[in-house]
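Student: Given the coordinates of chain P, assemble chain Z onto it according to the supplied hints.
The lines below spell out each chain.
2 protein chains.
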Amino acid sequence: MPEYKAPLRDMRFLIDDVFAFPAHYASLGADDASPDMVAAILEEGAKFCEQVLAPLNRSGDEEGCHFDNGVVTTPKGFKEAFAQYAEGGWMGLAADPLHGGQGLPESLGLIVAEMVASANQSWAMYPGLTHGAMSAIHAHGSEEQKQTYLTRLTEGRWTGTMCLTEPHCGTDLGIIKTRAVPQADGSHAISGTKIFISAGEHDMSENIVHLVLAKLPDAPAGTRGISLFIVPKFLPQGDGVGARNAVSCGSIEHKMGIKASATCVINFDAATGYLIGEANKGLACMFTMMNHARLGTGMQGLCLGEASYQGALRYARERLQMRALTGPKAPDKAADPIIVHPDVRRMLLTMKAFNEGNRALAYFTAQLIDVAHRAETAEARQEAEDLLALLTPICKAFMTETGLEATNHGMQVFGGHGYIREWGMEQLVRDCRIAPIYEGTNGIQALDLLGRKVLGSQGKLLRGFTRVLHKFCEAQQEHPQLAPQVAQLAALNRQWGELTQSIGMAAMKNPDEVGAASVDYLMYSGYVTLAYFWLRMAVVAQEKLAQGDDDGFHQAKLVTCAFYFQRILPRTEAHRLAMSAGSASTMQLVEEHFAF
Amino acid sequence: MPEYKAPLRDMRFLIDDVFAFPAHYASLGADDASPDMVAAILEEGAKFCEQVLAPLNRSGDEEGCHFDNGVVTTPKGFKEAFAQYAEGGWMGLAADPLHGGQGLPESLGLIVAEMVASANQSWAMYPGLTHGAMSAIHAHGSEEQKQTYLTRLTEGRWTGTMCLTEPHCGTDLGIIKTRAVPQADGSHAISGTKIFISAGEHDMSENIVHLVLAKLPDAPAGTRGISLFIVPKFLPQGDGVGARNAVSCGSIEHKMGIKASATCVINFDAATGYLIGEANKGLACMFTMMNHARLGTGMQGLCLGEASYQGALRYARERLQMRALTGPKAPDKAADPIIVHPDVRRMLLTMKAFNEGNRALAYFTAQLIDVAHRAETAEARQEAEDLLALLTPICKAFMTETGLEATNHGMQVFGGHGYIREWGMEQLVRDCRIAPIYEGTNGIQALDLLGRKVLGSQGKLLRGFTRVLHKFCEAQQEHPQLAPQVAQLAALNRQWGELTQSIGMAAMKNPDEVGAASVDYLMYSGYVTLAYFWLRMAVVAQEKLAQGDDDGFHQAKLVTCAFYFQRILPRTEAHRLAMSAGSASTMQLVEEHFAF
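Protein sequences, first through last, are from chains P and Z. Note that full-length UniProt numbering has the first sequence beginning at 1, numbered continuously upward. Note that full-length UniProt numbering has the second sequence beginning at 1, numbered continuously upward.
Heads up, some of the hints might be wrong.
Identical copies carry no separate label here, and so any pair may be met within one copy or between two of them.
In silico EDC-like cross-links for lysine to aspartate or glutamate, where the CA-CA straight-line distance does not exceed 16 Å [what the hints assert, rightly or not]:
| no. | residue 1 | residue 2 |
| --- | --- | --- |
| 1 | Lys329 | Glu206 |
| 2 | Lys177 | Asp269 |
| 3 | Lys329 | Glu592 |
| 4 | Lys460 | Glu385 |
| 5 | Lys333 | Asp172 |
| 6 | Lys329 | Glu591 |
| 7 | Lys281 | Asp269 |
| 8 | Lys177 | Asp386 |
| 9 | Lys146 | Asp239 |
| 10 | Lys5 | Glu50 |
| 11 | Lys544 | Glu383 |
| 12 | Lys460 | Asp386 |
| 13 | Lys544 | Asp269 |
| 14 | Lys5 | Glu206 |
| 15 | Lys544 | Asp16 |
| 16 | Lys5 | Glu44 |
What the hints contain is simulated information worked out from the structure, not anything from laboratory work. This structure is a prediction, so every number in the text was calculated from the model and none was measured.
Chain P extracted, bound-state conformation (with noise of 0.2 Å):
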């Protein structure tokens, strides 16, 4: 079973060298996340995930939740280190303290999320829904309802949820059928079933706040006539909880892994809802939840893709079979290591190049996240904004994707015992598949990126990240040592563009072209994004190397870099051929002739 340990050297190497988050935050005025106030929560963060969350894994898999008769039950465990991790304040880090929060910065919430999920993905799915519940209600809740609701979510005391898909609509939330009738005392009775609900039910806190799309009697057809509702498990009721409300689950799901999640059909029956934001404006308040959910959802990717690259490294140290081809190089032993061998070590080397790169990315994405909702200027927000709208799709789907890929090689570099549950690395595999699903599948991401947010906005999205990657070329072009990569990097960021500019062009006349070259573009966007990073940290690492301060590290780091240009990035030229192809032999095949 692979242990977790949170990888506390990368991570602060990102915070304290790469994006210097200590300026960050004081450019912020966000002067609680000291360096000192920093470096406590990571040590005392990673403790809690290495010695309470990550030993309730595979347990956790292997016992799954119970249902009965409408309860919940989560595996041994769960419910004791939820209590923990509330007592401890985990909930409310991020949280405003006019709410009970410890105010600090969102990135640093993030960064602890990084490690709860590498520790146990499925654990991490309870407070993860209601850490989006929670943003949801603080950006569109009135007062009394984060007095009511978000004070106790943020205690820990209660948990959220997100109530979106039905039966028959899942991408498509304009055709939802769940109903909302306006009561007299101004609340809505909601009645409707949804599925697929994360943390639905379940045994851990005093109260469940489910928030719901349906609609109202006169709502327009469509997305437009969508409204959001707080739905309560039971009635808030002075500082407690009253009356059971209209409320069930109806049942839990048997899922491929995230088997401790409990993924539930919720039944509402005439239950009592109150609207939050504006009447018809539900879908915008769900995307503050859907955006939050997204970045988590990217960093699954990651924390799953760390764990198994945590578990392969060790199996690749210790397993022994054959031997070099260059020779033996453990001659007393009955074989060599296999990380001797060059492709256990390309396997090995591309988890790493993901995991770190992917994490550089995330890291950067939870920065805009700090500047979009604390810089002082409206210019900054916006332009942090701008930046985020562009990187959630790629940080969703490109992380996924890259993180289900991180986790297969990591369960192959076991050979047959990667297959077999002890050993945990194939729940990692299933436990990643969901991510390229959930919070929009990647294929809808890779729309939302290309046809949204780059074509939507005539390029101007696109335009404001390759402008931060063109300075950085220009700045690092005769670099001594990476001049060559930083060219490599310049001729794809100005690919990227034309490429973005071709597919504009033909999707005029025909708009199947985007969404046949969608996925491609994004693949090829993350790719391009990724490189990036592995070029930042690079030159940081030669940077450190220069001024005599290296155990390896920043060593590994230029050889990651390497690797990460020479046999990962050239994938960049498959996807340009392929999403350059056009849509033709895409869309010509008529729907019955696809098989006879």
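Tutor: Okay, now just chain Z, sitting in the frame of chain P:
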């Protein structure tokens, strides 16, 4: 749950039109395999697989195998289905008539095996391992051994296994610890523990015939000191079985998938075994089984990809979600079926291109097996053997990688429902995930291809195949519709040789160059190989169209071929660049610096 329908139309297209099986059988004197006979076998095989095996696939996964004190019980219905299979004579379809078989060509056996594994991969393991054992005994057993074991295996009264792996070694068979001590009566006492033994213990047959690798007392070290033994669960007696041998099942594994296939720990406690073949030549004997098994494993990628495609296509035509980018296609419904969306089509066409391309590769290879076994001249047999040697690792690794990709696409088409067990789509991913691992991991296959087969023959084996492609391209270079793709294939075929040469040169200085390039080389080889088969199919489809012979089937072939060339074949570029980068960035990092 995906409902399996044997793709008889596509199978017949390959059998009758592309590979001219009737002429092939006639040329080998396989007169029993008349077109009528082939047709009847396909029809009957399809019926059995669709009606008997497919319905047991989901239930088998849910129930799994039971282990109780050494006794293994297979899921409900498995035993009865096996009895039906044996009774139908399927086990002996391609077996030697001297030992009760029907003597039909191996290729026909493989085509039937495709339907079996598409319908139920776990169930297919039981006859699959038996076929492997049969081929080893047929090739290396004494006449007495054949009469005793082969006849019963052919009848389906007994089943077989292959016992290679031990807890400390799988790939590295040179270090096995199982020992064989000669006994006075000419038998051997076999002692040791074997793991990962598929069909090692179960309730389907009267006896289980283990083929076991072990070392004689005076055996040389390494792979040159391994011998092969027949170790039956019950000692044969008269027409049936006598005393129980000292062979026991210690436990069964809990696995990611193929849960209805019993994967056993088998303990041999001075069990009675009989040497098969020559002493210390056991590995060569086992390779007879393993080559068979490697093709079979490769076909699992095709089989599970096909099953997944059928499920995904049905869902894509039924599930209504969003409107087409070009305007509503089903205006009378709440939304359009998702097959209108370009990215859903991209996933389906990718699956279709892999499945049909892999099927062509598999049937071509199956013909080579016929030729290798039955051709009149030694020269023809050797030529087929050489092509087989080259194509076996490609079949095993490329077909399982692309099959796994296909099952993942199929699951993705289902969105969130793909992650739920009852739909059956995630099972196909789990069942397929073992295929890139067992029978020699795909990394080992890649080394076998590049190191042993291609460079080990100084390029001779590769040239045997590139010559086939070259001749085809020359013949078709002025094809009125397909000339551009023919030129593309010809260029890749040349490049394949050039890449091989340049890696070969580099490898002379540094053997790690082979290991570092091997997986990219294998995947590159696979994509080029499939391009050849797609063009062969396209040429035939074009001919049929010109004859006015179309209901859409041949048109669909041409569209899928175009899709393959435009949107999948460009992956060769990524692999070419990655393998051309050399081994430095892969080998440079010192072991201690992979993590901090």
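Student: Can you tell me if Lys544 and Glu383 fall within 16 Å by alpha carbon in one copy, between copies, both or neither?
Tutor: neither (31 Å within a copy, 59 Å between copies)
Student: Evaluate Lys177 and Asp386 at a C-alpha cut-off of 16 Å and name the case that applies: within, between, both or neither.
Tutor: This pair counts as neither: shortest intra-copy Cα distance 33 Å, inter-copy 63 Å.
Student: Could you place Lys5 and Glu50 in one of the four classes (within, between, both, neither) given a Cα distance threshold of 16 Å?
Tutor: within (6 Å within a copy, 49 Å between copies)
Student: When Cα atoms must be at most 16 Å apart, do Lys177 and Asp269 count as within-copy, between-copy, both, or neither?
Tutor: within (13 Å within a copy, 65 Å between copies)
Student: Given a CA cutoff of 16 Å, do Lys5 and Glu206 count as a within-copy pair, a between-copy pair, both, or neither?
Tutor: neither (32 Å within a copy, 50 Å between copies)
Student: Give the relationship of Lys544 and Asp269 under a CA distance limit of 16 Å: within one copy only, between copies only, both, or neither.
Tutor: neither (62 Å within a copy, 60 Å between copies)
Student: Treating 16 Å as the Cα threshold, decide for Lys333 and Asp172: within, between, both or neither.
Tutor: between (59 Å within a copy, 13 Å between copies)
Student: If the cut is 16 Å between Cα atoms, do Lys329 and Glu592 qualify within a copy, between copies, both or neither?
Tutor: This pair counts as between: shortest inter-copy Cα distance 14 Å, intra-copy 59 Å.
Student: Check Lys460 against Asp386 for me: Cα-Cα at most 16 Å, and say if that holds within a copy, between copies, both or neither.
Tutor: within (9 Å within a copy, 57 Å between copies)
Student: My question is about Lys544 and Asp16: at a cut-off of 16 Å on alpha-carbon distance, are they close within one copy, between copies, both, or neither?
Tutor: within (12 Å within a copy, 67 Å between copies)
Student: Under a CA distance limit of 16 Å, which applies to Lys460 and Glu385: within one copy, between copies, both, or neither?
Tutor: within (13 Å within a copy, 59 Å between copies)
Student: At most 16 Å between CA atoms: does that hold for Lys281 and Asp269 within a copy, between copies, both, or neither?
Tutor: Answer is neither: 23 Å inside a copy and 73 Å across each miss the 16 Å cutoff.
In the structure shown, a violation is registered for the earlier hints numbered 1, 7, 8, 11, 13, 14, in ascending order.
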